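Peer 1: What follows is the residue order along each chain.
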Amino acid sequence: MSIIQDLFSGSPFGPLVEHTKKVHECVEVVRPLMEALAHENYIEIDNLQDRISKLEYEADLLKQEIRSRLPRRFFLPVDRNELDSFLRCQDKIADKVEDLAVILTLRKTKIHNSLSDGFFEFVEQIFQVTGSLLQAAVELNNLAEVSFGGAESQVVLDIIDGLGEEEWRADRMARKLSKKIYSLENEVPPIDIIFYEKILLALGSIANEAENAGDMLRMMIVK
Amino acid sequence: MDILVISLVALMGLYMAWNIGANDVANSMAGAVGSKSLSIKKAVILAGLCEFAGAVLVGSHVTDTVRKGIVDPTVLASMPGLQPGEPAALIVIGMTAALLSAAFWLHFSSATGMPVSTTHSIVGAVAGFGVVAAGVNAVNWGKMTQIVASWFISPIAGGILAFIFFKFIIKFILGQERPAKAAVYFVPVIVFMVSAILILATVYKGLKHVIGDLPWLTDGVTMTIALAVSLMFGIISHFGLKRSLHGKDQLPISEQLEEVEKIFVPLVIISSCSVAFAHGANDVANSVGPLAAVVHIIQTGTIEMKVGVPFWILALGGGGIVLGLATYGYKVMHTVGTKITELTPSRGVAADIAATATVLVCTRMSLPVSTTHTLVGAIMGIGLARGLTGIDRAVARKIFTSWIVTVPAAAILSMILFVIGRSLFLDQVVSLIKITSG
Numbered sequence: 001m002s003i004i005q006d007l008f009s010g011s012p013f014g015p016l017v018e019h020t021k022k023v024h025e026c027v028e029v030v031r032p033l034m035e036a037l038a039h040e041n042y043i044e045i046d047n048l049q050d051r052i053s054k055l056e057y058e059a060d061l062l063k064q065e066i067r068s069r070l071p072r073r074f075f076l077p078v079d080r081n082e083l084d085s086f087l088r089c090q091d092k093i094a095d096k097v098e099d100l101a102v103i104l105t106l107r108k109t110k111i112h113n114s115l116s117d118g119f120f121e122f123v124e125q126i127f128q129v130t131g132s133l134l135q136a137a138v139e140l141n142n143l144a145e146v147s148f149g150g151a152e153s154q155v156v157l158d159i160i161d162g163l164g165e166e167e168w169r170a171d172r173m174a175r176k177l178s179k180k181i182y183s184l185e186n187e188v189p190p191i192d193i194i195f196y197e198k199i200l201l202a203l204g205s206i207a208n209e210a211e212n213a214g215d216m217l218r219m220m221i222v223k
Numbered sequence: 001m002d003i004l005v006i007s008l009v010a011l012m013g014l015y016m017a018w019n020i021g022a023n024d025v026a027n028s029m030a031g032a033v034g035s036k037s038l039s040i041k042k043a044v045i046l047a048g049l050c051e052f053a054g055a056v057l058v059g060s061h062v063t064d065t066v067r068k069g070i071v072d073p074t075v076l077a078s079m080p081g082l083q084p085g086e087p088a089a090l091i092v093i094g095m096t097a098a099l100l101s102a103a104f105w106l107h108f109s110s111a112t113g114m115p116v117s118t119t120h121s122i123v124g125a126v127a128g129f130g131v132v133a134a135g136v137n138a139v140n141w142g143k144m145t146q147i148v149a150s151w152f153i154s155p156i157a158g159g160i161l162a163f164i165f166f167k168f169i170i171k172f173i174l175g176q177e178r179p180a181k182a183a184v185y186f187v188p189v190i191v192f193m194v195s196a197i198l199i200l201a202t203v204y205k206g207l208k209h210v211i212g213d214l215p216w217l218t219d220g221v222t223m224t225i226a227l228a229v230s231l232m233f234g235i236i237s238h239f240g241l242k243r244s245l246h247g248k249d250q251l252p253i254s255e256q257l258e259e260v261e262k263i264f265v266p267l268v269i270i271s272s273c274s275v276a277f278a279h280g281a282n283d284v285a286n287s288v289g290p291l292a293a294v295v296h297i298i299q300t301g302t303i304e305m306k307v308g309v310p311f312w313i314l315a316l317g318g319g320g321i322v323l324g325l326a327t328y329g330y331k332v333m334h335t336v337g338t339k340i341t342e343l344t345p346s347r348g349v350a351a352d353i354a355a356t357a358t359v360l361v362c363t364r365m366s367l368p369v370s371t372t373h374t375l376v377g378a379i380m381g382i383g384l385a386r387g388l389t390g391i392d393r394a395v396a397r398k399i400f401t402s403w404i405v406t407v408p409a410a411a412i413l414s415m416i417l418f419v420i421g422r423s424l425f426l427d428q429v430v431s432l433i434k435i436t437s438g
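Listed in order, the protein sequences are those of chains A and B.
When you line the first sequence up against my numbering, it's residues 1 to 223, in that order.
When you line the second sequence up against my numbering, it's residues 1 to 438, in that order.
Please keep in mind that the hints were generated in silico from the structure rather than gathered at the bench.
In this text the structure is predicted, and so the values were computed from the model without any measurement.
Cβ atoms here follow ideal geometry from the backbone N, Cα and C, with glycine treated the same way.
Warning: the hint list may mix true and false statements.
Derived lysine to aspartate or glutamate pairs resembling DMTMM-like cross-links, with alpha carbons at most 25 angstroms apart [what the hints assert, rightly or not]:
{"id": "1", "chain 1": "A", "residue 1": "223", "chain 2": "B", "residue 2": "392"}
{"id": "2", "chain 1": "B", "residue 1": "248", "chain 2": "A", "residue 2": "18"}
{"id": "3", "chain 1": "B", "residue 1": "339", "chain 2": "A", "residue 2": "18"}
{"id": "4", "chain 1": "B", "residue 1": "331", "chain 2": "A", "residue 2": "6"}
{"id": "5", "chain 1": "A", "residue 1": "198", "chain 2": "A", "residue 2": "25"}
{"id": "6", "chain 1": "A", "residue 1": "21", "chain 2": "A", "residue 2": "44"}
{"id": "7", "chain 1": "A", "residue 1": "21", "chain 2": "B", "residue 2": "258"}
{"id": "8", "chain 1": "B", "residue 1": "171", "chain 2": "A", "residue 2": "18"}
{"id": "9", "chain 1": "B", "residue 1": "42", "chain 2": "B", "residue 2": "392"}
{"id": "10", "chain 1": "A", "residue 1": "21", "chain 2": "B", "residue 2": "249"}
{"id": "11", "chain 1": "B", "residue 1": "398", "chain 2": "A", "residue 2": "6"}
{"id": "12", "chain 1": "B", "residue 1": "181", "chain 2": "A", "residue 2": "158"}
{"id": "13", "chain 1": "B", "residue 1": "167", "chain 2": "A", "residue 2": "158"}
Derived DEER-like restraints, expressed as beta-carbon distance ranges [stated by the list, open to error]:
{"id": "14", "chain 1": "B", "residue 1": "229", "chain 2": "A", "residue 2": "165", "range": "52 to 58 angstroms"}
{"id": "15", "chain 1": "A", "residue 1": "80", "chain 2": "B", "residue 2": "304", "range": "16 to 22 angstroms"}
{"id": "16", "chain 1": "B", "residue 1": "42", "chain 2": "A", "residue 2": "47", "range": "41 to 47 angstroms"}
{"id": "17", "chain 1": "A", "residue 1": "117", "chain 2": "B", "residue 2": "243", "range": "42 to 48 angstroms"}
{"id": "18", "chain 1": "B", "residue 1": "394", "chain 2": "A", "residue 2": "65", "range": "43 to 49 angstroms"}
{"id": "19", "chain 1": "A", "residue 1": "65", "chain 2": "B", "residue 2": "243", "range": "39 to 45 angstroms"}
{"id": "20", "chain 1": "B", "residue 1": "397", "chain 2": "A", "residue 2": "158", "range": "36 to 42 angstroms"}
{"id": "21", "chain 1": "B", "residue 1": "259", "chain 2": "A", "residue 2": "193", "range": "56 to 62 angstroms"}
{"id": "22", "chain 1": "B", "residue 1": "221", "chain 2": "A", "residue 2": "65", "range": "41 to 47 angstroms"}
{"id": "23", "chain 1": "B", "residue 1": "259", "chain 2": "A", "residue 2": "176", "range": "43 to 49 angstroms"}
{"id": "24", "chain 1": "B", "residue 1": "221", "chain 2": "A", "residue 2": "162", "range": "45 to 51 angstroms"}
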């Protein structure tokens, strides 16, 4: 029995980085999902939805493990509540990806030719946002090494600043795309319009949650 | 007959030392073992060597204090109504009872997982015997208060020092834009500090016990020597680092951090050894202090304020600690090594330096503090500096509880054993002492 060994509780940052990666795996399914939609391959969409739901479940397990490492008596280098909020934001990213997948399975929607490019550009922009988040969040272990200060944390804070800018671009793109969708009101059935808008909103909220997660990460670092 | 009694008490001292080695030593190497800088096997061997060296070289300083400081033997000797020889016999029985009850308490509490300090147990046990044998006044309550205060102060002091050391490491090395470059200039400062503390500890206090008093070796001279030699080490390490880290400051920052942590590996090994050394120096007194008193009284028949601790007794204490480490402590070392995953060499160095410095200063001031608790305080200090990913605050409460429980528990146990011993063996011990002194 050693008192020193009792002193150390498991680090939440290892599994937290794992969680970040798992969530990003979810996000990576967005592109094949949209491609399957463009190719009207609805069986593939079902398969992908299964995959997302599995990834989301795995992310949930990680989330529980992280939470189990956060009892109030543990003394952490970051604020416990902020860490939990960060975790929740990441969790929501995975949720939003699942939402998107579910929307796509509800109805065999066809993407109008004039929208296809816009949607794919938007997806790319969302990857810019979530990619920045991944880039920042995988540094958590290194951040712990430098006790959330110094040059290393400045690097991460800069990435998060960039993330905000990318999200702002994504927002602008979403508005443009939205206008384009409504301009088609006389060409495509209204239900299609509703679905386009739903897809757009689901995609947008992925970027939105990623930005929120970035903000939480910033708060964790500056404490 | 006296040889038999001495051997018996020596055996109890050995049992106490075994307890220290079995439960406490692994903690002192936590810095090196927890950061995986040292394999378990090597850590056990190094810890054994350092504990033994600490016990034999620096040990005797605290030995007098625990015994003499807490219970005043002259009060006992001048008590009315005692036959000649009885006060001496009472001290022999009392010290034996204290030794045995501290060892029992330690064995019991470590078996039940309570973080009990060997120092606190023996202090409580000696005080308990003092109260029963000679009344409340025989216990030097001023000294007692000082000792108990030092238990609070030492973890806090260790924590503050560790906080400062760690902030220094972060600010000037790890937090820099190019840690590998900063390390070339600032790791030598840490080398300087580790070396200065180590040299001060050994030369200043150790050499006097081994080669006797050197008149020219005054405090000032020692300080000058320590600082000069440490400065030399610092400069040598600077040039060594310049070569080994050359060009590495162009690597990505995360790889640089890894390289710099590697630089801390030898330092954490040395500093952990210095904790083990300080631990040996500090804690051997707990096992051999009472033993030395008993041996002195039986051999001379006189009660003195101060007795020298013979080399063989210190060696017995050191040997007992090593024995405890070899027979059981290695298991604890193993769990420490496998369960602690968050400690990096840089953290280990900061905690170790802080703990060693605190314990040595306290030892110097004749305050018997707990090495382990000081190290716990130091590690918490690093946690406060955001340096560790998770620290269980419950440990602080556990330690606090153990403080409150240990002194009364050891004291009561020692009282009971003393009363039993007095009623059974008083006459035999009196005659034994008369024979030897006559």
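Peer 1: Do the alpha carbons of residue 198 of chain A and residue 25 of chain A lie within 25 angstroms of each other, as the hint requires?
Peer 2: Distance of about 22 angstroms is within 25 angstroms: holds.
Peer 1: Does residue 18 of chain A sit within 25 angstroms of residue 339 of chain B, going by the straight-line distance between their CA atoms?
Peer 2: holds, 20 angstroms
Peer 1: Taking 45 to 51 angstroms as the hint, is the beta-carbon distance of residue 221 of chain B and residue 162 of chain A inside that range?
Peer 2: violated, 60 angstroms
Peer 1: Is residue 181 of chain B within 25 angstroms of residue 158 of chain A, Cα to Cα?
Peer 2: Satisfied, since the Cα-Cα distance of roughly 22 angstroms is no more than 25 angstroms.
Peer 1: Holds or violated: are the alpha carbons of residue 42 of chain B and residue 392 of chain B at most 25 angstroms from each other?
Peer 2: violated, 28 angstroms
Peer 1: Please check whether residue 397 of chain B and residue 158 of chain A have a Cβ separation lying inside 36 to 42 angstroms.
Peer 2: holds, 41 angstroms
Peer 1: Residue 331 of chain B and residue 6 of chain A: Cα distance at most 25 angstroms?
Peer 2: holds, 15 angstroms
Peer 1: Is the distance from the Cβ of residue 259 of chain B to the Cβ of residue 176 of chain A consistent with 43 to 49 angstroms?
Peer 2: Between residue 259 of chain B and residue 176 of chain A, where Cβ atoms are some 48 angstroms apart, the hint holds.
Peer 1: Can you tell me whether the CB distance of residue 65 of chain A to residue 243 of chain B sits inside 39 to 45 angstroms?
Peer 2: holds, 44 angstroms
Peer 1: With the threshold set at 25 angstroms, check whether the alpha-carbon distance from residue 398 of chain B to residue 6 of chain A stays at or below it.
Peer 2: holds, 10 angstroms
Peer 1: Please test the hint of 42 to 48 angstroms on the beta carbon pair from residue 117 of chain A and residue 243 of chain B.
Peer 2: violated, 57 angstroms
Peer 1: Is residue 21 of chain A close enough to residue 258 of chain B, meaning Cα to Cα at most 25 angstroms?
Peer 2: holds, 22 angstroms
Violated hints for the displayed structure, listed by number in ascending order: 2, 8, 9, 10, 15, 16, 17, 18, 22, 24.
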